[in-house]
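Trainee: Please model the entire structure based on the sequences and the hints provided.
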Amino acid sequence: IPTTKRCNKMVAKLSDKTLGGIKVVGRAQRADEILWRMDRFFQRDNNNNHNNTFNETTTAPLRLPFELPHANRQTFTMVLKLYAAEKGLSGLEGPRRAEAIVRRMEERYRYGGELDMKPDVVCWNQVLSAWAGCTDVDKAFHAADLLGSSDIKDIADDSSYGHVLRACAHSNTNDRSRKLGAEVAVKVWRDFRSVVEKQKSAFGEADITTTSYMYTFLITAFGFIKDTKRRENLLVEAFESCCDAGQVNAHVLTELKRSCSNALFDKLLGKNNNNNKSFQGKHTLAILKQLPEDWTFKAQTKDSSGW
1 IPTTKRCNKM
11 VAKLSDKTLG
21 GIKVVGRAQR
31 ADEILWRMDR
41 FFQRDNNNNH
51 NNTFNETTTA
61 PLRLPFELPH
71 ANRQTFTMVL
81 KLYAAEKGLS
91 GLEGPRRAEA
101 IVRRMEERYR
111 YGGELDMKPD
121 VVCWNQVLSA
131 WAGCTDVDKA
141 FHAADLLGSS
151 DIKDIADDSS
161 YGHVLRACAH
171 SNTNDRSRKL
181 GAEVAVKVWR
191 DFRSVVEKQK
201 SAFGEADITT
211 TSYMYTFLIT
221 AFGFIKDTKR
231 RENLLVEAFE
241 SCCDAGQVNA
251 HVLTELKRSC
261 SNALFDKLLG
271 KNNNNNKSFQ
281 GKHTLAILKQ
291 LPEDWTFKAQ
301 TKDSSGW
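The opening position of the sequence shown corresponds to residue 1 in the working numbering, with each subsequent residue numbered one higher.
Keep in mind that the hints were calculated from the coordinates and are not lab data. Hints are not guaranteed to be accurate.
[Stated by the list, open to error] Simulated pairs of lysine-lysine, BS3-like, Cα-Cα distance not exceeding 30 Å:
1. K226 <-> K200
2. K187 <-> K81
3. K118 <-> K200
Mentor: Structure, rendered in C-alpha cells:
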C-alpha cells in the first residue's frame, strides 16, 4: 500500500547520488509524476472533507480502507531541488514546472491554511536555479524578471542573485543571448549593490553579501560585451570589488583572464601588489599564491580547483 512516507522515499532515491539517482534519465520528471499523483490524492480527500453534507439525492464518496499518500512540504522541496539540479532541460519546461510547484505550495498555504507550506526564499531559489540550468535563450531575462517580482524581491538573498548571474553567464547560445545575458548582468549587479547600500544605510550592515560564485558569473557575463572600453571598465569594477571583498579564487581569475586583454589582466593583478611582472602563461593556482592575502581570505575554496 503506498503511503506518504513510502512515496517520499521513492523521490529521495531519485535524488540520492549514492544510490545512482543522478544517473536516472529524466529523474526530475519522474519524481514530479509522483508528486502530481500525491497532490491529486490530497485534493480528493480535501474536497471530500469539505463536502461532507449528504441527503437522499447525494451519495457519500467512497471511503477507502487505507489512507492515500499526500504530498507534503518534503515532497515538494525534494522535487524542486531535482529541477534545480537538472542541466540542459530543453526550453521552458523545467523552470516553468518548478515555478508551478512553488505556486501550488503558496495556494495550499493561503487557501488551505497549511502554515508549513509557505514558500520561502530557498524554494524560489530552486526555480531561479532551474532557469540558470535550462537551454532557453532568454533564460537570463526570465530569471531576472522573477527576481524582481513581488514573490521574491523582498526576500532575495545572495544565492538568488547568484543564480540569476549564473543564468547570464551561461547565456552563450548565440550573439543575441550573449548580449541579453550581459545587459541583464549589468542591471542585476546595479540592483544588488543598491540593495546592499540601502541595507547598510538602514541597519549598519547588509543581510546579503557577495560570493566568489557571484563574481565568477558576473565577470563571465561582462566578458560578452562587445564594446571593448565598456567591457573593460565593467571588468575592472567587478574585479576590484571582488578584491575588496576578499573573494578572489581560481575561477574568478580564470574568467577574468578569458574576458579581458593580457595587458589589463597584468595591470589588475599587479595593482597594489608591487609587482610589474607578467602573469601570462602561469597557472591560475600559481598566480593565486602570489596575490595579497586580503584579496583571497574570504574566497570559496573547498577544493584545489578553487571551489
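Trainee: Hints first: check each against the structure and report whether it holds.
Mentor: Each hint tested on the structure:
no.	hint	verdict
1	K226 <-> K200	violated (34 Å)
2	K187 <-> K81	holds (27 Å)
3	K118 <-> K200	holds (28 Å)
When held up to the earlier numbered hints, the structure conflicts with hint 1 and nothing else.
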